[in-house]
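Student: Here is what each chain is made of, one letter per residue.
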Amino acid sequence: MSVDHKQVARRYLWSGLGFLLLGGLLALLIRWQWAWPGQPVPGLAWALPESRGALTPPTYTSVFTMHGLVMIFFAVTPLLFGALGHFVLPLAIGARGLAFPRLSTLGFWVYALGGALVLVSFGVRLGPANAGWTAYPPLSTTAFTPGLGQTLVTVAVLCAGVSAFTYGLNFVVTVARCRAPGMTWGRLPLTVWGLFFASVLNVLFVPVLAAATVLLLMDRLLGTQFFIAGAAAVGGGGDPVVYQHLFWLFGHPEVYILILPAWGMVGDMVSFFSRKPAHGYRLTAGAMGVVSALSGLVYAHHLFTSGMSPMLGRTFMVLTLLISLPAEVMFLNWLMTLWRGSVRLTSPMLAALSTVVVFGLGGITGLALGAVATDVPLHGTLWVVGHFHLTMGAASFLGVFAGLYFWFPKMFGRQLHEGLAKAHVVSSAVLFLGVFGGQLAAGYAGQLRRLYDPYQYTYLKHLLPLNQWTTACAFLLGAAQGLFVVNLVWTLWRGRVADANPWQVGTLEWTCAASPPSDENFERIPVVLRGPHALSQPEVLEQLGRDWVGQAEALPAEAPAISGPQPLLERTS
Amino acid sequence: MSTPVEGSTPVSTGAQTPSGLKTLALPENASTHGPRIDALLGWSHRIEAGLAAIALGWMLIAVWRFRGAKRAASDGGTKRSIAFVLGLALSTFLIVDGTLLVGSEGYLRDVLWNLQVPAEDPRTVRIEINAHQWSWEARYAGEDGRFNTPDDVVTWNDLRVPAGVPVWVQLVSTDVVHGFSLPHFRVKVDAIPGRVNQTWFQAAREGTWEVACYQHCGTSHYRMRGELRALSSEAYAAWLREAGRQALQAYDADDVAAHWGWDWRTP
Ligand SMILES: [Cu+2]
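First to last, the sequence lines map onto chains A and B. So the number in the numbering used here is just where the residue sits in the first sequence, counting from 1, plus 128. So the number in the numbering used here is just where the residue sits in the second sequence, counting from 1, plus 46.
For each label pair, taking beta carbons as the anchor points, the in silico distance ranges come out as: (1) A:Pro438 / B:Ala281: 30 to 38 angstroms; (2) B:Ala281 / A:Pro170: 50 to 58 angstroms; (3) A:Trp237 / B:Leu70: 45 to 53 angstroms; (4) A:Thr312 / B:Leu106: 33 to 41 angstroms.
Simulated from the structure, these hints should not be mistaken for laboratory data. Predicted, not measured: the structure shown is a model, and the values here were computed from it. All C-beta atoms in this analysis are idealised placements derived from N, C-alpha and C, irrespective of residue type, glycine included.
Okay, chain A solo, but in the shape it has when bound (with noise of 0.2 angstroms):
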């Protein structure tokens, strides 16, 4: 079995797109409810019989809790470190590898074994879990929920932590210890800074997810009462709030981990497609540090409802709120680069550009909940769903695809099409916004999540045709998603062979390394010379007349300061 990271990723690559389709069906079923609520979904007979196809309150509260445990534990993480991150790690920062090779396999096979049990789920007496995917005790205990389906998702929640801790380890150690020579801090691209700090997250906080998923996996299997308290506990009792608390902890990190490598690679290819070095780019990879430290101080902005003490909340209100300023500075940055530059629309750019529009929404509409007197009458509306769906949903399904259309060239050796690849961006990025920003209007209004029904409530029967416009766009936006898998299908199958450096960049990965790379990624371990982002600086412009020049490459007039080996160069230019 193969061993190298490259392989690991195209693994992680399948299922997870495997995984963020049945999310996305799941989705879709959740709108199809909320615009015809009990009517027969087309197609559905066969699976549901008893309901010729109808969604059941049973069966839609598992819907809605497989569709957020899906998405973010299968689907979105997976693709990010999982694929993009293990392929592109190791690359950028000039390594043979990752740290731990064995370690980054096994990490793959106990994901795959968390994503057997999660479609095992389905199949099971009592259906797959159905607590929502924060799975709050007592109704997570086997008290109220006594399925099997409930146990095995929580095992595959944890068999995902697992691998979540496995990779952040090894990314860590990666980068802190096998930087290619000259490959300083200082000189790291964008991306690997936001997969860096992310694994940082995934080291210290994965484990808080195991203890909550631990200790409620105790009380559905060994009759401990960590999480049961009052009339349902048999003994003494515990406390429902501590696992709140333990799941937040991890939880709100959690939306961090997911979205700064997606910011990471925003500030890259940003600024790579405007040819011009990334704006501050000391300041970006110092805010996403800022926001990384302050990532785990916020997370009881989730329990304002909870009774906690004002003292409590007064303090996370002023942590919540601070966090958003390094956020600022960095999307700040972002805008500065874009400014005096030399603008390319390329496929990875429209994603980059729809990542920051979308992230840019869902980071303002956060503002409201971060305060405690704004978020008591939007808390646990749709409102929180259109927010965090704009940033965890959205903007990482974009940073994903941005790093997709990338670096396909440099996984496959075959180039997407790219006018295939701008439609399905552009249409993506517009229909998210027609979903995500239906559902804010919605929970604005007062509509509360993970209803069934919503039209049981008099004030909010008038929100139908808000939702069934919703719908109308989360069905257009499944079907774009038809342009990505025609052009992959069409690409791998005939597509054309892609230039050895198709975007003009001076990275490891497309200056030193062949596409697709070797097993051993480099002929010889290159000697970095500069930053990432060397791009339009006159005097390269005048000794290669082109625009960028690469990492490891040096200049006619720029004796290498240790004697290395020579980039690749004729197969860049």
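Mind docking chain B with the ligand on chain A? Use the hints.
Tutor: Just chain B with the ligand now, with coordinates in the frame of chain A:
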């Protein structure tokens, strides 16, 4: 246990505004503190919309103006441009987050976390709520003013309060975590097994509104709906008197499930 229901008033749907506008508006406000929180939300959303428009506009202008430009700047920012970014970020942060923080803090100090107001007001109505899968059980102290006595009035999915006086709610759950919310009153607090949470509100006028559960609490979560009636003081007093009299008649000392109240918690 059940109480007589008078001619039931239709639940308010905020039917005054045309439906298109209503879609994008907050649920109609029915509480005396609502306007304050609505104003803060409105402000915050106006600022957010402005910020979004500026940022998006900036991006579009940059892309339009510099698309395929012949020359690109070769630096990653000058001292001046970096100072500009830091200054802009800091001032935006101070204005936007500052507005929210100060407004929120004021509301918390004066209303949400200020349980002195209901504690000091002699007219305050106290209600104990026990959340179940899938209904709201409410307990009123009755004539004697003490909870867990035979004249306690217990209702299901049927809250009654006098308009214009503080209503102080303490709540628990018997089974799973529920979320008690009065969307038209901007009130929301979790009902959690094993602990007593509290909040208070004040109805601005008479009428009928809905009680919703906003935490996923199982299969029939979506049907965990109650009604809240804000009555005139006289109608409320008359209802409580009659309901208390019926409760005394129906009192059964052996009905263990009926004895879930607690001594009122003082803040
Ligand atoms: Cu409930």
